[in-house]
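Start from the sequences and build out the full structure, keeping to the hints where you can.
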Amino acid sequence: MTQKLNWKVSERFTALCMQILNAYPEAIGVAYKVLDCGCALLCGVSASSQPLGPLRHLSGQPRPSDRRAPICLKCKRDDGLRNRVVREGIFWPGTISERPELELRNLIGRSVFGAHYNEES
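Positions 1 to 121 (this note's numbering) are the ones given, in order, by the sequence shown.
Treat the hints with care, as some may be off.
Quick list of in silico lysine to any residue cross-link-like pairs, SDA-like style, CA-CA up to 25 Å [stated by the list, open to error]:
id, residue 1, residue 2
1, Lys76, Leu52
2, Lys33, Glu119
3, Lys76, Ser10
4, Lys74, Glu119
Think of the hints as simulated: they come from the structure by calculation, not from any bench.
Here is the structure:
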């Protein structure tokens with residue numbers, strides 16, 4: 001079963017991606033892995049496929065009413081990367097026409113995620 005990000009998480013996902021891109025101007029995109037609990041792990045990526053900055057965790061749990069950061073118990077028990085990844089990809093900023101060429105996007109994606117990675121247009 002593929003877990004989708006809900007719209008509130010999606011807004012926070014985009015905001016965190018933009019935060020990472022602003023913090024690391026050499027980042028060409030943000031690599032992410034969505035977990036079965038709805039959380040996501042994100043990291044900036046350079047044009048040479050190098051990670052930029054620490055791996056950031058975005059909780060898929062609802063924000064408590066007191067505005068504290070939500071805690072995911074599944075992620076607290078493990079690092080989230082052990083057989084819980086349901087989707088992975090790269091967030092490319094800007095419009096579709098501003099993205100790097102497809103060949104470069106796939107080259108970076110394969111360097112980050114492995115030979116199975118493939119973006120279609």
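These are the hints, each one checked on the structure:
no.	hint	verdict
1	Lys76 to Leu52	holds, 23 Å
2	Lys33 to Glu119	holds, 15 Å
3	Lys76 to Ser10	holds, 21 Å
4	Lys74 to Glu119	violated, 29 Å
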